[in-house]
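Take 9 as the starting number for the sequence shown in the numbering used here and just add one per residue.
Derived from the structure by calculation, the hints contain no laboratory data. Using N, Cα and C, we set each Cβ at its ideal position, and we do this for glycine too. Each hint should be verified, as a subset may be incorrect.
Unchecked claim - Estimated spans, in silico, between C-beta atoms of each pair: (1) Ile287 - Gly308: 18 to 26 Å; (2) Val326 - Lys382: 28 to 36 Å; (3) Leu168 - Trp218: 31 to 39 Å; (4) Phe173 - Glu11: 52 to 60 Å; (5) Ile316 - Gly210: 15 to 23 Å.
Stated by the list, open to error - List time: in silico BS3-like cross-link candidates among lysine-lysine, alpha-carbon distance up to 30 Å: (6) Lys272 - Lys365; (7) Lys382 - Lys279; (8) Lys465 - Lys382; (9) Lys106 - Lys488; (10) Lys272 - Lys366; (11) Lys126 - Lys360; (12) Lys272 - Lys42; (13) Lys360 - Lys106; (14) Lys366 - Lys382; (15) Lys366 - Lys42; (16) Lys365 - Lys34; (17) Lys54 - Lys126; (18) Lys106 - Lys34; (19) Lys382 - Lys272; (20) Lys360 - Lys34; (21) Lys366 - Lys106; (22) Lys279 - Lys42; (23) Lys382 - Lys365; (24) Lys272 - Lys54; (25) Lys42 - Lys126; (26) Lys54 - Lys465; (27) Lys106 - Lys272; (28) Lys126 - Lys366; (29) Lys34 - Lys54; (30) Lys365 - Lys126; (31) Lys106 - Lys279; (32) Lys365 - Lys42; (33) Lys54 - Lys42; (34) Lys126 - Lys488; (35) Lys34 - Lys366; (36) Lys54 - Lys279; (37) Lys382 - Lys106; (38) Lys360 - Lys42.
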Amino acid sequence: MAELQTERSFVVELTPEGVQEIQSHKNIYTEDTKPIPLSGREWSTKNYITLWTGILVSIPVYMMASALLSAGLTWYQALFICVLGHTLVLIPSILLGKFGSRYGASFPVLSKMVFGPKGTAIPTIIRAFMGCLWFGIQNWIGGTALDAIIAVIFPAYTGLAFHSFLSFGLFVLINFYIGYHGSRAIRFLEDFAAPILIILSGVVIVWAFWLVSQKGGFAALFTTQVAGGNGESFWSQFFPSLTSMIAFDATIALNFSDYTRHAKTEGAQVKGQLIGAPIMTAFIVFVGICGTSGSELAFGEAFWDPSILVSHFGNPAVVIIFSLFIILATLTTNVACNLAAASVVFSSLFGKVLTYKKAVVVATILSICFLPWKLVENPESYVYTLNGTLAVFLGPITGICLAALWSQYRNRLRLPDLYYQDGGAYYYQGGWNVLALVTMAVLFIFIFVCQFIPVLKWIYDSSYLLGCVFAFVIYSALCKRQDR
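Can you build the whole structure from these sequences, using the hints too?
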């Protein structure tokens, strides 16, 4: 019997016979979903460092740090929570990323293996909707910065009705154009933008330090009312804040195989993530602290939204430069992590009618339907309500995916079977992995209800971590019991 797959340098690839075997079945094997062979991979360690730079040197992360200051935490508490959260999320990111680097396949294929060809629709649609939601939020943030630039150049623009929404629409089109042209355009954007983002972020730090030199020395930056916090709220906010930090990147971690499938080597994605994520998190959080504390020194009010801070500068050149920074920082995160991720899911689930490019259109339209301007009205709703709710779903899904890949199958998969829709090793009960779906649904409901029960509120406050651990343990135990 002919071999259907081969393994070399840790990479599993289909043989011509394997492709023929897939095509003899009802399958999801398309140009967008087929595994990328080692010869077709182009991403090195540097690309994963610049990817995380683009993801983390972003306005939402800046706003996360600023929102924690606004909630009463000190600058060092906010820094600690942000770095810890974004570092912890590397565990699932690297472990699930190994699926992409080993098999060359994307997250929707991983999800199909875990939940079955029919059951996969539930978790992947949830992930896609999250991508659309974040895509809309970041488009609104970027649109606000674009609005500031246009207003400086054409002052009469602000007199137009709905000028903010016009700028929002234009920024959506810019994101759409980049996402429409696929992974090469995204990689070019990340490589081009990363050094510029670091330089412009450094300018924010220099501006804050210049302010404190006029206001009583370096220590003044960390003793403002917003940077000093009250300290008393730390433990009451620690777990909800940590959960929110993790939830922000958890969507990316869940589908990181979409990026690792392009890795030249296994070590490229691992080293790139370990180097890029913690360092860039600490950097952008410090930028957020400087910007928020500096705004209190300069204008008497701490602005958590940098686009509002920029609008208070009287110098048109400063407004334009910093608005461009906001736009570039938003683009690098938004296209790679939100639009592309959601589009890959839609094109995989509905591959017979939706190509990747058509899926980009669908994801863009859905992002507007989430009314993103309502979701960023204040820091509390942004950090705790939005991210806390997302974590309820992300934790259990991630835990089940980790359990299936590493406990149930020990990362030894049959590559052709990943693409079958009418049988194979991962067809389960009629296309549904009932154990995984029931575990996921029960944990969704349980963790969500915990927020309304005072004695169990701590579970909801740590919804991602506990949801992930509970799901991993429960699903692994159920699989072992079933195998007896």
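For each hint, the structure was consulted:
| no. | hint | in the structure |
| --- | --- | --- |
| 1 | Ile287 - Gly308: 18 to 26 Å | violated (33 Å) |
| 2 | Val326 - Lys382: 28 to 36 Å | holds (29 Å) |
| 3 | Leu168 - Trp218: 31 to 39 Å | holds (35 Å) |
| 4 | Phe173 - Glu11: 52 to 60 Å | holds (57 Å) |
| 5 | Ile316 - Gly210: 15 to 23 Å | holds (21 Å) |
| 6 | Lys272 - Lys365 | holds (25 Å) |
| 7 | Lys382 - Lys279 | violated (38 Å) |
| 8 | Lys465 - Lys382 | holds (26 Å) |
| 9 | Lys106 - Lys488 | holds (23 Å) |
| 10 | Lys272 - Lys366 | holds (28 Å) |
| 11 | Lys126 - Lys360 | holds (15 Å) |
| 12 | Lys272 - Lys42 | holds (17 Å) |
| 13 | Lys360 - Lys106 | holds (28 Å) |
| 14 | Lys366 - Lys382 | holds (27 Å) |
| 15 | Lys366 - Lys42 | holds (18 Å) |
| 16 | Lys365 - Lys34 | holds (23 Å) |
| 17 | Lys54 - Lys126 | violated (37 Å) |
| 18 | Lys106 - Lys34 | holds (27 Å) |
| 19 | Lys382 - Lys272 | violated (42 Å) |
| 20 | Lys360 - Lys34 | holds (11 Å) |
| 21 | Lys366 - Lys106 | holds (28 Å) |
| 22 | Lys279 - Lys42 | holds (26 Å) |
| 23 | Lys382 - Lys365 | holds (28 Å) |
| 24 | Lys272 - Lys54 | holds (11 Å) |
| 25 | Lys42 - Lys126 | holds (19 Å) |
| 26 | Lys54 - Lys465 | violated (42 Å) |
| 27 | Lys106 - Lys272 | holds (12 Å) |
| 28 | Lys126 - Lys366 | holds (22 Å) |
| 29 | Lys34 - Lys54 | violated (39 Å) |
| 30 | Lys365 - Lys126 | holds (23 Å) |
| 31 | Lys106 - Lys279 | holds (12 Å) |
| 32 | Lys365 - Lys42 | holds (16 Å) |
| 33 | Lys54 - Lys42 | holds (25 Å) |
| 34 | Lys126 - Lys488 | holds (23 Å) |
| 35 | Lys34 - Lys366 | holds (22 Å) |
| 36 | Lys54 - Lys279 | holds (9 Å) |
| 37 | Lys382 - Lys106 | violated (37 Å) |
| 38 | Lys360 - Lys42 | holds (14 Å) |
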